[in-house]
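Novice: Listed below, chain by chain, are the residues.
2 protein chains.
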Amino acid sequence: MGDPGLFKLQFAPFSSALDVGFWHELTQKKLNEYRLDEAPKDIKGYYYNGDSAGLPARLTLEFSAFDMSAPTPAHCCPAVGTLYNTNTLESFKTADKKLLLEQAANEIWESIKSGAALENPVLLNKFLLLTFADLKKYHFYYWFCYPALCLPESIPLIQGPVGLDQRFSSKQIQALERAYDDLCQTEGVTALPYFLIKYDDNMVRVSLLKHYSDFFQGQRIKSSSFQSVEVLCFRDRTMQGARDIAHSIIFEVKLPEMAFSPDCPKAVGWEKNQKGGMGPRMVNLSECMDPKRLAESSVDLNLKLMCWRLVPTLDLEKVVSVKCLLLGAGTLGCNVARTLMGWGVRHVTFVDNAKISYSNPVRQPLYEFEDCLGGGKPKALAAADRLQKIFPGVNARGFNMSIPMPGHPVNFSNITLEQARKDVEQLEQLIESHDVIFLLMDTRESRWLPAVIAASKRKLVINAALGFDTFVVMRHGLKKPKQQGAGDLCPNHSVASADLLGSSLFANIPGYKLGCYFCNDVVAPGDSTRDRTLDQQCTVSRPGLAMIAGALAVELMVSVLQHPEGGYAIASSSDDRMNEPPTSLGLVPHQIRGFLSRFDNVLPVSLAFDKCTACSSKVLDQYEREGFNFLAKVFNSSQSFLEDLTGLTLLHQETQAAEIWDMSDDETI
Amino acid sequence: MGDPGLFKLQFAPFSSALDVGFWHELTQKKLNEYRLDEAPKDIKGYYYNGDSAGLPARLTLEFSAFDMSAPTPAHCCPAVGTLYNTNTLESFKTADKKLLLEQAANEIWESIKSGAALENPVLLNKFLLLTFADLKKYHFYYWFCYPALCLPESIPLIQGPVGLDQRFSSKQIQALERAYDDLCQTEGVTALPYFLIKYDDNMVRVSLLKHYSDFFQGQRIKSSSFQSVEVLCFRDRTMQGARDIAHSIIFEVKLPEMAFSPDCPKAVGWEKNQKGGMGPRMVNLSECMDPKRLAESSVDLNLKLMCWRLVPTLDLEKVVSVKCLLLGAGTLGCNVARTLMGWGVRHVTFVDNAKISYSNPVRQPLYEFEDCLGGGKPKALAAADRLQKIFPGVNARGFNMSIPMPGHPVNFSNITLEQARKDVEQLEQLIESHDVIFLLMDTRESRWLPAVIAASKRKLVINAALGFDTFVVMRHGLKKPKQQGAGDLCPNHSVASADLLGSSLFANIPGYKLGCYFCNDVVAPGDSTRDRTLDQQCTVSRPGLAMIAGALAVELMVSVLQHPEGGYAIASSSDDRMNEPPTSLGLVPHQIRGFLSRFDNVLPVSLAFDKCTACSSKVLDQYEREGFNFLAKVFNSSQSFLEDLTGLTLLHQETQAAEIWDMSDDETI
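Chains as they are written, first to last, in full-length UniProt numbering: chain A, 1 to 669; chain B, 1 to 669.
Chain A extracted, bound-state conformation (with noise of 0.2 Å):
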C-alpha cells in the first residue's frame, strides 16, 4: 500500500569505530580470561549525536568495551553488543553470519513485542561484533554487525525532513533543551537515546518511552490511530561553548500497515569493509605499537599459552616475579639465565670475576666474538647487556666480583683482607636481595661461601654441576625457618641418623632434611685451581651438557617453586616416576645425576650431613656468630680448619678412607 508519491525513509548504517584501546584490552581478555573459551561475550559500545554534519554516524569501541558497568561517555548513547572472538581465522571465516544476525534480529524483535524494549530503548541498540586476534602478529580481523529490521513494505515520508528550526520557534527549542536536561537528570544520564516528545506552542514535553500511555493520555494525537508518527532525529552539540540543537532534524512518516505477524522480519546490518564490499576487516597494529611493550606481551602470551589449555593449575606468577641470583655467567650460567627468560623470569643477577675469551661464545650462548676484544669484557657485566638486548623488559644486573674461597688466603696484605671483606659483605647482600641462588661456578671451592650464606638465610639453592658427560643439578636442603627454635633449627641432624635405619632410607624425606652439594664430600673444599692442568682449567664437557643442566637446573627450580611447600617439598626420588606427582609440572627432586653417555637421568635424595663443611649447624652456628672473621679463618687456613671444626678429622681417624667414595672430588661425578 505505499504510495508512489511519497520519498521513503532511508536508515543510515552506523560506522564502526574501533579504538586501538579496544583492541588492546580484547588482547588482555583473551590472554588473561577468555584464553580458549569462544562463547559470546557481552560488550559494550557508544554513539554520539552531536557531531559535525558530514561525519558518519560511529559506533564506538574502546577499552571500556568489555566492562558493562563502564559509564558511558558524556553526552553519549550506550550500545549493547555480542562480542564472538574465534580462536583461529578459520572459524573467523567460517562464522556463520546469517545466523548470527538472524539471533540478533530476532532478540530485537522479541524486544519489541514483549515491550522490553520500552522499557530499556537500549536493547534496540544492538550490534554485534566477529573478531580474531592473531596475537602472534598483532594483526586483528573483525565484522561488525548493527542489526535493522527490513519491515516487508517501506515506511513513507509524509513530510521532512526539515531542521528543527524551520519548525520550533526559538522558544520551544529553548523548551525543549531545558525538558531533555530535565529528564537525563532525573534518570542520572548525559544523553537518552529514545525519548518521547510532545508540544504545542507554548511547551515541550519529554518523556521517556515507558511511560508512553501516561505521557499521551488524554493528549491530542496528531495522526489519528497512529497511522503517521512525527520523529525528532535529536542532535545536540556544542559549537564554540554555545549549547545547539536547531540542527536536530524532524519529519513525518506514515506508519506501516502491518498485521501482527509473530515473525521476526529479516534483517541486515554486516558492515561493508574498506573496500565497499562485504567483507570482514583487518587492522595491524603491529606497527604502532611501541615495540618494547609488544615484546613484553609476546614473551607473556607464550607463556599463558601455557595455562589455557596444558596446565591450568600453573601458577606463573610465582616463577615471573622470582628473583634469580646466578654465581657463576659461564657455560652454566648463560644457559641457565636462557631458560630463566623462557619462562618469563624477569629479575636476573649475574656474579663473576672472569672476562670473556676467545673459546666462549661457541658455548656460553650470551656472548659473541666482539665480546672477547680487547681482552675480553667481563662476562657479568656483558651476560646482563645480553639479557637485555633479548628482552628489553627484564631487570638484569652484573657484578664483575670474586668470591672468596676456603684454601685462597686473604690475609697476605691489607688490601686483600678488605676486598675479601667487601667481597663477602656484596655476596651477602645479593643473597639477601634475590629468592634463589644458583650455583654454577666452574670450582668446587667456589661453591662453598655462597652455600653456607644462603643456607643461613634459607634461601632456595640450585646447584649445577658438569663433568665430562654427566652432571649434577641439585637443590639444597632448605634448613627450617630460625624463628621456630633453636631445638627445632635443624632437626636434620638428629633425625637423619633414625632415619637412616630401616627401609624407608630415603623415602618422603622433606626438603630441610636434605643434604646439600658439600653434604657427600669427606674432604673440605680447598684450593683446587692452583695446580690444574688445561684440560681441568677448562671445564670440559661435552658440547651438550651445559645445556641440558643448565636447563633443568632452571626447571627444577620452576617445579619446587609449584609446590605448595617449595623448598620443604618432600624429595621425589627414581622411584617416584610411577606415582601420582606433587604438582602440576611433576616430580620435585633433590638432585637429577645425568649421564649423557647413555642418555639416562637418576633422581637420588640424600639426607643433610652432620659434618658437613657447608651446611652443617657448626658452620652455621660460627658464621652466624662470628661472621666475617669465622670466614676469613677458612680462606686463610688449609681445609683441616673446617674438617677440625665439623668433626671431619675424627671421622677420617675412625674411618678408612677407602671405603668412602669421594663423589664430588675435583667437579667430577
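No wet-lab data here; the hints were simulated from the structure.
Fair warning: this is a prediction, and the values are worked out from it, not measured in the lab.
Be careful, since some hints might not be right.
Chain copies aren't distinguished; within one or between two, either way the pair holds.
[As the list claims (entries may be wrong)] Keeping only pairs whose Cα atoms sit at most 30 Å apart, straight-line, the calculated DSSO-like set for lysine-lysine is:
no., residue 1, residue 2
1, K422, K136
2, K482, K98
3, K97, K266
4, K137, K377
5, K633, K93
6, K8, K457
7, K389, K355
8, K633, K377
9, K266, K136
10, K198, K459
11, K377, K93
On the provided structure of chain A, position chain B as indicated by the hints.
Specialist: Only chain B this time, still in chain A's reference frame:
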C-alpha cells in the same frame, strides 16, 4: 795458579730470541701432539755470526724449532736444545732448574770427555727451554738456559783480543775465506760452528775438529804442550754486497792446568729476565694475534681437550667436518645450531620461511629484540648472521624459503606451482650437499618432503619434536645404499615382519631397519596448520625442553658419527644402558623420548613400517621415478592419496582404528 797480571777470558751469554712462530708452533704441538705429555722434547735453534757490532749474540727459535731435520738458515749455526713444557704454571714455577742445568752440563762434559764433541761439536751448543703455555690467554711463560761450564780456575788472556785485520794480511784473510768456504762446501753447510785453523804467512788451512790429529800432525804447535791456544772468533758478514770477515777477533789464551777430574765442573746459564733478575719471562701474544684466528684456535682447544685425557679415541674430524642442514630456525633450530657450534661444526645451513616475532628471542637463542623490529628479520638469514657473530670461522648460510607440504595445494596457479617446483629443487640440492639433515620444524607435515628426499639420498636424518613437557629426538633409519641391487634395497620390509616374531623384537636392529618419524603413523600427513588455535600455533612447551631436545639431537648425531657404521649402527635401547657402549661416547639409540615431568628419558627402538607414508619403498620408488610430478600430486591431494599409495587405506579397513595409538599427531608425543 792464575796470573794476576793477565786479563781473563769472559763469555758473553746468548740472548734467547723466541719468534712468534715458535709459540704458534708450540701451541699446535701442545694441542695436537704433546697434549698432557710433559716429557722433555728435542728442539733446535740457531745463531748467526754476521750480526752488526753491538747486537747481543742471539739464539733464535722459530716455528721450525720442533723439526729436528729442518735445515738451518743460511750462514747460521745450529744449536740443539731440550724443551720442558709444563702443563701448569705451578709446575713451571716449581721445576728444579738447578737439576736441569746440572744434567745438561753433565751431558756436555761427557761429550767432551768421550770425544763425542770433537766428532759433533754441535753437542757443545746445548740449551734448555722451560715453558708453560697458557693457551686460554695466549700467555707464554719461559726460561731459557745456555749452560756454560765454570772451570775451577779462570782462563787468562795471553794476547788480544784484536781484530783479525790487525793480525792477518788481506791475503791471509782471503785465504781464510776460501779455506772456510771450501770446508763448508765439502760438509754441505753454509756455516760451521767450530773449526780448526792453521796458518803461516803464505797459507791458511782449516779443518773439522774431529780431524785434529791429522790436521796438526807434523805442524809446529805455537805453544808447546798446549799451554796456550790461539782462538779465532770467526765473524762472517756481508755488508753492502761485500763479504767481510775482517772484524772477526783473535786472541790467545793460556789453557788451565786441569787435573783430569772426572767430575763435571759446575755450570751457569739460566738467562736473566727483562728486569735483569733471575726469573722467567712472559710473552702475551693475545694482542698481536689476529682475533679471528685466535677465536678459531681457542675453539679448537676446548674440543681437543676432550680427546687428550677423556676420550682419546674420539674422532673429532668426523664431527668438525660434517655439513649440517637445519630445517627450521625456531626454538629447536637455534638450540641445535648452538650445540653444533660447541662441537666445532663449521658448516651450518638454515632453512626457514618465518620472520622473527617479539616472542621469539627469549626462547630462540640466536635472536634479539632488535631482530623483531620492522616486521622481523627472516629467521634463516638472521640465524646465519648470528652464527658468524658468535664465531667468524663458521660457514653459515640461511635460505628464506618454504617447504611444500602434503595437503597444502600448490596448483592454484602456475605461479605457485612453479614456486613449489623451485622450492623442491632447492631443497633437493641442499639435502644433496649436506651430510646430516635436522628436521626441526613445528608441524608434522612439513617434515614429510625432507624425510622422503633424505631417505632417497641416504642422508642421516636427525629429527626432533616437542610436546608440552615431552620430546622425541630420533635418527631416521638409513636405507641401504642403492648400489647393492634392487633386491637388497629395502630389506627392512621383508625382514621386519620376520623380526617381529620372537623375543629379539627390538634387539640388535641395524640402522637400515629402523623406522622414520612417520613410521609409527597410521595417517598420512595433511594440513594441520589450517585450523589450529593459538596454543597449537605456538609451540607451547616448557622453556627448558627445546634446549634439552636440541642438545640431545646434536649429541645423538655425534654419537652416530663416532660409530664405525654411522647411520647403519645397531640401535641401542634402554636395556643397553648396562652393557658395554658401542662408541667412546656411549650409546647410539634410535629414539630418545624424554619426559620432563619425570626427568626421565627412554630409548625406544622401532622398525621401519612397510606402509610408511614417507620412507616405504612405494613412496621412495614413486618419488625417484616421477620426481616433482609425484610430489605435486601429494601436495595437492588429500591425505588419502598417500594412504592409498602405501596401502594404509587397506590397513585402516582391516584394523579397528581404535586399537591403534596415534602417537605423533599434532606433534604431541
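Novice: For each hint, tell me whether it holds in the structure or not.
Specialist: Now for the hints, and whether the structure bears them out:
| no. | hint | verdict |
| --- | --- | --- |
| 1 | K422 / K136 | between (47 Å within a copy, 29 Å between copies) |
| 2 | K482 / K98 | neither (68 Å within a copy, 59 Å between copies) |
| 3 | K97 / K266 | within (14 Å within a copy, 107 Å between copies) |
| 4 | K137 / K377 | between (36 Å within a copy, 13 Å between copies) |
| 5 | K633 / K93 | between (74 Å within a copy, 27 Å between copies) |
| 6 | K8 / K457 | neither (83 Å within a copy, 75 Å between copies) |
| 7 | K389 / K355 | both (19 Å within a copy, 18 Å between copies) |
| 8 | K633 / K377 | neither (33 Å within a copy, 56 Å between copies) |
| 9 | K266 / K136 | neither (38 Å within a copy, 82 Å between copies) |
| 10 | K198 / K459 | neither (77 Å within a copy, 88 Å between copies) |
| 11 | K377 / K93 | between (53 Å within a copy, 29 Å between copies) |
In the structure shown, a violation is registered for the earlier hints numbered 2, 6, 8, 9, 10, in ascending order.
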